[in-house]
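Enquirer: Just so you know, the sequence shown maps onto residues 179 to 568 in the numbering used here.
Honestly, the hints are just simulated from the structure, not real lab data. These numbers were taken from a predicted model, which means no experiment stands behind them. Incorrect hints may have been included.
Quick list of in silico lysine to any residue cross-link-like pairs, SDA-like style, CA-CA up to 20 Å [unchecked claim]: (1) Lys-345 with Gly-304; (2) Lys-345 with Glu-321; (3) Lys-345 with Gln-388; (4) Lys-345 with Asp-319; (5) Lys-345 with Asp-464; (6) Lys-345 with Pro-312.
Distance ranges between label pairs, derived from CB positions [said to hold, decoys possible]: (7) Val-561 with Pro-405: 48 to 58 Å; (8) Asp-225 with Asp-295: 32 to 42 Å; (9) Glu-349 with Ser-523: 31 to 41 Å; (10) Asn-215 with Gln-388: 15 to 25 Å; (11) Gly-389 with Arg-235: 36 to 46 Å; (12) Glu-292 with Glu-461: 50 to 60 Å; (13) Arg-397 with Asp-303: 45 to 55 Å; (14) Val-408 with Glu-461: 51 to 61 Å; (15) Thr-565 with Thr-370: 27 to 37 Å; (16) Gly-211 with Ala-267: 19 to 29 Å; (17) Arg-542 with Thr-459: 16 to 26 Å.
Backbone N, C-alpha and C fix where the C-beta goes; we use that ideal spot for every residue, glycine too.
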Amino acid sequence: MASDPEGTVVYLDYNATAPLRPEALDATLAALGSVGNASSMHHPGRDAAARVDTARRQLADLLNCSPGEIIFTSGATEANNFALRAAYARGGVLVTTAVEHPAVLETARAVTAEAPDSLLVLPVDGDGAVDIEPLDAMLRDREVALVSIMIANNETGVLTDLRPVIKAAHEAGALVHTDATQYVGRLPLDLTDVEVDLLSLSAHKFGGPQGVGALFVRRGTSLPHRPLLVGGGHERGWRAGTLNVAGIAGLGAAAEAARLQLTQEAGRTSTLRDAFEATLTAEVADCRINGIRAPRLPGVTSVTFPGVPADAVLATMPQVAASDGSACSSGAPSPSHVLLAMGHSRDDADSTVRFSLGYATTERDIERAVTAVVDAVRHVRSVMAATAEP
179 MASDPEGTVV
189 YLDYNATAPL
199 RPEALDATLA
209 ALGSVGNASS
219 MHHPGRDAAA
229 RVDTARRQLA
239 DLLNCSPGEI
249 IFTSGATEAN
259 NFALRAAYAR
269 GGVLVTTAVE
279 HPAVLETARA
289 VTAEAPDSLL
299 VLPVDGDGAV
309 DIEPLDAMLR
319 DREVALVSIM
329 IANNETGVLT
339 DLRPVIKAAH
349 EAGALVHTDA
359 TQYVGRLPLD
369 LTDVEVDLLS
379 LSAHKFGGPQ
389 GVGALFVRRG
399 TSLPHRPLLV
409 GGGHERGWRA
419 GTLNVAGIAG
429 LGAAAEAARL
439 QLTQEAGRTS
449 TLRDAFEATL
459 TAEVADCRIN
469 GIRAPRLPGV
479 TSVTFPGVPA
489 DAVLATMPQV
499 AASDGSACSS
509 GAPSPSHVLL
519 AMGHSRDDAD
529 STVRFSLGYA
539 TTERDIERAV
549 TAVVDAVRHV
559 RSVMAATAEP
């Protein structure tokens with residue numbers, strides 16, 4: 179994706195969905211131009227299966243795992259549902275955090291609905307970092323089926339070091355799942371080093387097409403056979419349904435492109451994000467960067483403009499595409515559960531905008547965005563002040 183020309187939208191909503199990488203577009207179109215069911219034995223079917231095999235290997239290379247440990251899904255929401263439901267069926271309690279994506283939190287609540295005491299939730303501190311200190315007591319005092327902790331938060335970008343979690347959980351006989359939707363393709367992830375048992379991802383977060391993702395299941399993981407979709411024996415019996423060959427091909431191509439450019443993209447995006455924050459905090463009085471004292475994803479910044487409704491800011495700067503929270507929660511009547519868990523007031527949560535940069539973001543994009551944001555916040559504040567006058 180080339181830089182936006184003047185007058186068009188500056189796209190800073192990569193956490194909602196990233197622009198399709200050229201490599202992913204080419205692979206998707208090539209697959210769409212070919213006919214064949216990947217389960218068929220004739221030549222067109224074998225050609226489709228070969229595209230799937232290539233994508234499985236490309237994703238495995240990005241994660242440093244075996245292709246046989248990858249199950250393709252419709253996205254991370256399905257993968258999260260699959261992982262939590264199957265792991266909880268092992269018996270025991272489910273441990274997660276207060277700042278998980280709804281695809282994890284709502285699934286956790288659903289699977290434990292008949293035994294709500296079997297869902298335990300870890301708190302976070304004021305920067306959104308997960309407090310894992312209570313985890314030892316949770317693991318010691320009861321049988322735990324699964325610990326599910328996201329590696330990178332979708333609203334703040336705050337990172338969690340999973341290694342101590344994995345060590346404690348495995349010593350207690352529990353499995354570990356991570357929703358890595360925002361992390362994969364943004365920072366290096368070596369699954370021989372980060373030994374989670376289950377990992378969920380979506381292609382469209384790192385430049386692949388929407389509607390396709392994957393669940394990593396580590397070889398040897400003791401997981402009851404509880405597929406969400408039953409029917410044919412697709413994906414080794416774990417996920418029935420004709421494979422989305424075009425989407426999977428695009429996912430694989432995006433994974434390969436991300437792997438080859440990962441270090442360069444992460445460093446450049448981090449520099450741009452830091453410049454954006456520095457200028458914004460210098461130009462806008464009282465604005466705060468959420469999670470700034472914690473390790474964060476390189477391209478994510480959550481900014482609170484006290485007393486200035488986020489929806490008003492976004493409406494005043496149509497030339498910048500940003501978000502007032504998780505795209506999957508847009509339209510929700512309640513403020514961000516992530517910010518509330520961090521100790522923010524409801525008013526501050528409603529005055530927070532998330533900007534997320536990515537592989538195609540340029541310096542000029544950031545310059546234009548800063549100008550637009552500063553002007554928008556000042557305009558909204560002036561309108562609110564005028565309206566408040568007697």
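Enquirer: Return the numbers of the hints above that this structure violates; sort them in rising order.
Expert: 1, 3, 5, 8, 11, 13, 15, 16
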